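Trainee: Protein chains in written order, with this note's numbering: chain L, 180 to 856; chain P, 1076 to 1391.
No lab work stands behind these hints, which were simulated from the structure alone. Hints are not guaranteed to be accurate.
A few chain L positions that, by computed beta-carbon distances, are all more than 12 Å from chain P [as the list claims (entries may be wrong)]:
(1) LEU224
(2) LEU626
(3) GLY695
(4) VAL732
(5) LYS828
Per label pair, the in silico range of CB-to-CB distance [stated by the list, open to error]:
(6) LEU1366/P <-> ASP757/L: 47 to 57 Å
(7) PRO223/L <-> LEU1366/P: 46 to 56 Å
(8) ARG809/L <-> HIS1130/P: 56 to 66 Å
(9) VAL1322/P <-> ARG749/L: 17 to 27 Å
Quick caveat, the model's predicted, so the values are computed rather than measured. Yeah, the Cβ is synthetic: ideal placement off N, Cα and C, and Gly gets one too.
Given next are the chains, with one letter for each unit.
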Amino acid sequence: MSLLHAALSPLGGALALALAWLAIAAACLLRARNAAFARRLAFPLGALVGLVLAAVGLAAVWLPVQVMTLPLGLPDLPFHLRVDPLAGFFLMLLGSVSAGISVYAAGYFRAEPSGRLALIAFQYHVFLASMAFVLLADDAYLFMVAWETMALASYFLVITDHREAVNRSAGFLYLLIAHLGALAILLCFGVLHGGHGDYSFEALRAAQLQPPWATVAFLLAFFGFGAKAGMLPLHAWLPEAHPAAPSPVSALMSGVMIKTAIYGMVRVIFDLIGNVRWEWGLVVLVVGAGTTLFGVLYALMQHDLKRLLAYHSVENIGIILLGLGMAMVFIGFGHPAAAALGLIAGLYHTLNHAVFKGLLFLGAGSILHSSGLRNLNDMGGLIHRMPKTAFYFLVGALAISGLPPLNGFVSEWLTFQAALQATLLQNGIVRSLLPLFAATLALAGALTAMCFVKVFGVAFLGQPREPAHASSLPHAGDAGDMERFGMAWLAAACFVLGLFPTSFLLVLNRVAVTLGGRGLSDQALSGSGWLWLVPTAADKASYSPIIFLVVIVAVTLLTLSLVRRFFHGRARLVDPWDCGYPEQTSRMQDTADAFGQPIRHVFGPLYRMQRALPGPDDKAPRYVLKIEDRHWYWLYLPIARAAEYVSSKVALLQQGRISIYLLYSFITLIALLVFVR
Amino acid sequence: MNTWTGAGFQILQSVFVVLAAPLLMGWVNQCRAWLQNRSAPSILLPYYTLAKLFHKDAVVARGASPLFRATPYILFGCMWLAAGIVPVLATGLPFAPAADIIALVGVFALARVFSALAAMDTGTSFGGLGARREMLIGFLAEPAMLMTLFTAAFISGSTQLTTIVDTLARREFALYPSLAFAAVAFLMVLLAENARIPIDNPATHLELTMIHEAMILEYSARHLALIEWAVAIKLFAYMTIGIALFVPWGIAPAGDWGALPTAVGALVAKLALAGAGLALIETLLARLRLLLAPEFLSSAFLLGVLGMLTHFLVQG
C-alpha cells in the first residue's frame, strides 16, 4: 500500500519512470535480434514514459518538495533523491521533448539492421534515464554518477557510425571536453563540501563559504557546466558531435542534454552556493553575449545543415545565459522581482530552445533520410517534394528567429523586459551595460532571422542547385508517418508555448519563488491572465499573443476575401522572368555560401577564411571557401601541442630496460630515506 | 471609455491608416517632383496604380510554391496589424496592450522574413540577391530601431507605445538630449527600413542596385498591388511612430470624440511636413554603395546607444 502511495507521488513516479526507461533499455538488449521490437515497441513505449514524466514533472512544480533516500550506492553513501519545482520543470522539459523525439526515432530508424538498432535503442534509453537521474539527484555522488552515465551514453550514440574517422574524432573531442567539464564540477562540489564528509545537497546548501571560495566554486560550476552547454570557448565539440550523431540523437543532445547543463548551473549557483554576487552576473552576461554573437555569426557561415543548427545551439545557450546573468545581477543588487523576471526569461528560453531546436534537428534528419543530403548547397526546391516537412521546418525556423506570435519571441521579449529593469540598479556602469546586452540580443535575433531565411530559402525553395543531385532529389518523398508525428508534436509545442505564455510564466514563477524566495511582483501576477502576459505591471508592458494571432489572421483573411470579392482571381503560369538573359541555370541561384557574403564582408576579421577563386578560363568554375573557427588556433591547438610536448618529455622516462626501472626504484628509496628519516 | 467606443476608435484608426497610406506616398512623390523641377503627378496617382494593378491578370512563375502566393496577403496583414498598434490619432486604444514596441519590431521582422522567403521561392538569381540584401539591411536596422525605442522606453518607464506617447505628450516642454540622439537614429532607420535613398532607391529599375525591387521582381497584378500598398502602410506607420515618439502633441485620448478633429489636423500637418522632409532628403542625397550601408546603419545604432547612455547620465 505504501509502495503504491510512493509511486503516485511525483518523486516516486519520476523514479519509477526513469527505471522504466532503464527497463526498456535492458529489454532492447535482450531482444537484440528483433528489429521490430525496438522500432514498434521500445521507442513508442519510451515516448509514452516521456509523456507521463512530463505530467509528473508539471505536478511536482505545484506540490511541496519531496525527498527520498535509496538503499543503493556505496556503504555510508546512499543515493539521495529530491524533486522540487526546478527539477519538476526540467523533468517536464525532458519528458515532453523526448516524447516527440522518441516517436520520430521509431520511424527514423526503420532501415537500421537489428543488432545496430538494438544497441542504439539501448544507449538511447540509458541516455534518457541518466538525464532523469541528473535531475532527481540530491547528492553530489549520485549526480556525478548520472552525469557521467549521460556523457558515456551520448558518446556511444555520437559514434554510432564509428567506421568513419570523422565521427570517431568528433566523439573523442566530445568525451574530452565533457570530462574536463565533469572534472570542474567535481572540484566545485569539493570546494562546496569543505571536508565535512557529507555530500548530500542539503549539507552543501548549508555550508557557509568565504567569499573568495564562493567565487571559486562559482567559476568552477560555471565553466564546468558551460563545457556541457556549449558555452564559449568550450563549444568546439558541439559543431563536430551534432552532425556525427544520428538525427534523433542530435535532437536529444541539442534539445535536452545541453539543458541539463543549464539545470546544473541554476541548481549549483542559485541553490547550492547561494548569496549570488552581481560580479558573477556580469561574468555570465559577458560570456553569454560573446557566445550569442559568436554562435550566430558562425552559423551564418555554415552550409552543412546539422553543423549550422549546432552553432545555433551555441547561440541559444548564450541567450539563456543572458537571462540568467541578468537574474544574478539583480539578485546581487537586491531586486528579487527583477531577478525573478531574468530567471524566468532564461528558463523559458531553455524550454523554447529545447522544443524548436529538437524540431529543426528532426527536420534536418528527414531531409537527410529522404534525399541523402546534408549540404545546403546541394539542396533546393524540397518544398515540392516534402511539403509537410517543409511546413514543420518553417514553424521551427520562425520560432527560432524570435518572430511573434511563436514561442521564441516570448522568451526574447521577457529577456528584453528584464534588461529594461536596469533603471532599478544603483551602480551607474552596470545600469548602462545591461541595455547593451539587450542590444546584443537584438542583433543576434535579427541575424538568426537572416540565417533561417537562408536555410529555408536554400533548402526548401527555389530549384535543386546541383545538377548532379537533381537526379537523386526527385526520389525524395515526404517523411514517414511516425517522423511527421514527432515533428508535429514539437511544432504544436511551439504554438502552445507561444500562445499561452502565462501558464508557463506561473510555473516558472513558482520555480523562482522556491529558488530565490520571491517571484514576480503582485501587479504582474494580478495583471496576467490567459490572454495577457504581464511581466512587471500592466501599464509598463504587456503582450497578448492570442489577440496578436487572431488579428493578424483576421486581417489577412479579410484582405484575401475582399480581393477575391472585388477582383477576378485569374492567374497565368509562366517561366520566371529571365531579365533578357535566357541562359539561366539553377546554379545561378543563391547558395548558402553566397547568402553569407554580406556577413563575411561586415564581420570579416572574426573569421579565419581561405578562399579559392576560379580563373577566367576555368571550364567548370567552382568557388571554394573554407571558414574555420579561430578558437582552434589560439586555444585548442596550442593546448594540444603543449600536451603532446609534455607527454613526449614524460615518455623519456620510459626506457624499456629493466635496469633503468630498478634505478628509479633505488633513487626513490634513497630519496624517501633522506626526506622521511 | 466603454469598450465599444474604444473598439470603434480602434477600427476607425486602422482603416484610416490603411486608406490614407497611399496618399502619403503620393504626397512624397509630388514633393520630390517639385523639388526636382519636374511637373508633379497627381497626389492620387498611387490609388490609380493600385486600381490598375488589381484589375490585371496575375502572372505567377512556374515552380513557385504556395508560399509565393500567400506572402502578399501576409505582408498586408502584418502592416495592417502594425497600423493598429501605433497610436496615430488617439492613445489608450483597446488593442494597444496586445503588443508593445518590441512586438511592433517583431511584426516588421515577420513581414521581412516572409518577403525574403517569397523572393527566394522562384529560384531566380535576382530574388536571392534581393533577399540577401534585405536581410542585411534588416539585421543592421533592427537593433538600431530597438535602441531608439528603448531610449523612449527608459524615459517613460514602459514599453507600451501608448504609455510612452501619453508620458511624452503630457509632459511640460523640456529638451531631452537623449531624445535628440534617438531622433537622428530613428530617421536613419526609417530611411533604411523603407527602402529609401540613401540605402535603396524606390524609383530604380537597374536590377544590380535594387534591394526591395529585386525581391518583388516576380510579382504582378493584385499581388504586386498588395505589396505596394503594404509598403505604403509601412512608411505611414514608421512616420507615425516617429511622430508619436518625438512630436506627440495634439494626439487625442481614446473615446474623446471632441479632440478628434484637432488630432486629425495635427496629424495631417505633421505628416505633410514629414513627407516633404523625406522628399528633400531624397533629393539632396545620393544613394550609398551597398557596402556602405553597414556603416550608415551602425552609426544609427551607435547614436541610439549614445542616446540611451545620455539618458542615464542626465538622470544621474
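Trainee: Look at each hint and say if it fits the structure.
Mentor: Going through the hints against the structure:
1. With a least beta-carbon separation of about 38 Å from chain P, LEU224/L lies farther than 12 Å from that chain, consistent with its non-interface assignment.
2. Once the 12 Å rule is applied to beta carbons, LEU626/L is inconsistent with being away from chain P; the minimum gap is 5 Å.
3. Here GLY695/L stays apart from chain P, with its beta-carbon at least about 23 Å from theirs, past the 12 Å limit.
4. The claim that VAL732/L lies off the interface is violated: its Cβ sits roughly 7 Å from the closest Cβ of chain P, which falls inside the 12 Å cut-off.
5. Every CB of chain P is more than 12 Å from the CB of LYS828/L (nearest about 49 Å), matching its label as outside the interface.
6. Checked against the given bound of 47 to 57 Å, the beta carbons of LEU1366/P and ASP757/L, roughly 27 Å apart, lie outside it.
7. Against the hinted window of 46 to 56 Å, the Cβ-Cβ separation of PRO223/L and LEU1366/P comes to about 54 Å, which satisfies the hint.
8. A beta carbon spacing of about 57 Å between ARG809/L and HIS1130/P agrees with the range 56 to 66 Å that was offered as a hint.
9. Take VAL1322/P and ARG749/L: their Cβ atoms lie about 46 Å apart, and the range 17 to 27 Å is violated.
Against the hints set out earlier in the document, violations occur for numbers 2, 4, 6, 9.
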